[in-house]
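Starting from the given sequences, assemble the full structure and let the hints guide the process.
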Amino acid sequence: MALSPTEDVLVINSTNERRAFQRMLINAPVTLYQQQLVLEGICHDLSANGMGVTVAEHRLDVSQPLRVSLATHSNQLPPFEAHARIIRVLEQPDGVLMAIEFYSPA
Numbered sequence: 001m002a003l004s005p006t007e008d009v010l011v012i013n014s015t016n017e018r019r020a021f022q023r024m025l026i027n028a029p030v031t032l033y034q035q036q037l038v039l040e041g042i043c044h045d046l047s048a049n050g051m052g053v054t055v056a057e058h059r060l061d062v063s064q065p066l067r068v069s070l071a072t073h074s075n076q077l078p079p080f081e082a083h084a085r086i087i088r089v090l091e092q093p094d095g096v097l098m099a100i101e102f103y104s105p106a
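Numbering (the working numbering), first residue to last: 1 to 106.
FYI, nobody ran anything at the bench for these hints, they're computed from the structure. C-beta atoms are modelled at their ideal positions from N, C-alpha and C, and glycine is treated no differently. It cannot be assumed that every hint is accurate.
[Unchecked claim] Beta-carbon label-pair distances, calculated as ranges:
| hint | residue 1 | residue 2 | range |
| --- | --- | --- | --- |
| 1 | VAL89 | VAL38 | 13 to 23 Å |
| 2 | GLN36 | GLN76 | 29 to 39 Å |
| 3 | GLN76 | GLN35 | 24 to 34 Å |
| 4 | ALA99 | PRO29 | 10 to 20 Å |
| 5 | VAL38 | PRO78 | 14 to 24 Å |
Pasting the structure below:
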């Protein structure tokens, strides 16, 4: 697995991974919206079809869609927003890691 830095982002290129899109390793705040619930988390990796997010506690309903909003470092660019669903939840010592899959732009 080769890591190549591009500004604040690391792009993962791997020949053994079965991914359709490259993943970028980032460490950025993300907001998750599901009906009336709003959760703040940290996006650890981002690709064209999903992201890995850590939240302090898992209170989202995995059967329900959600909207994600990932802030940019620029005042000239709007946040990235997409409709998504949770496809995997993993308890971690520092919170809950969720694999989130996008299904359309918000």
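Checked hints:
1. Taken as a hint, the range 13 to 23 Å holds for the pair VAL89 and VAL38, whose Cβ atoms sit roughly 18 Å apart.
2. Take GLN36 and GLN76: their Cβ atoms lie about 31 Å apart, and the range 29 to 39 Å holds.
3. Roughly 31 Å separates the CB atoms of GLN76 and GLN35, a value that falls within the hinted 24 to 34 Å.
4. Checking the proposed 10 to 20 Å range against ALA99 and PRO29 shows it holds: the Cβ atoms sit about 18 Å from each other.
5. For VAL38 and PRO78, the Cβ-Cβ distance of about 18 Å falls inside the hinted range of 14 to 24 Å, so the restraint holds.
Hint check: no violations occur; every hint is consistent with the structure.
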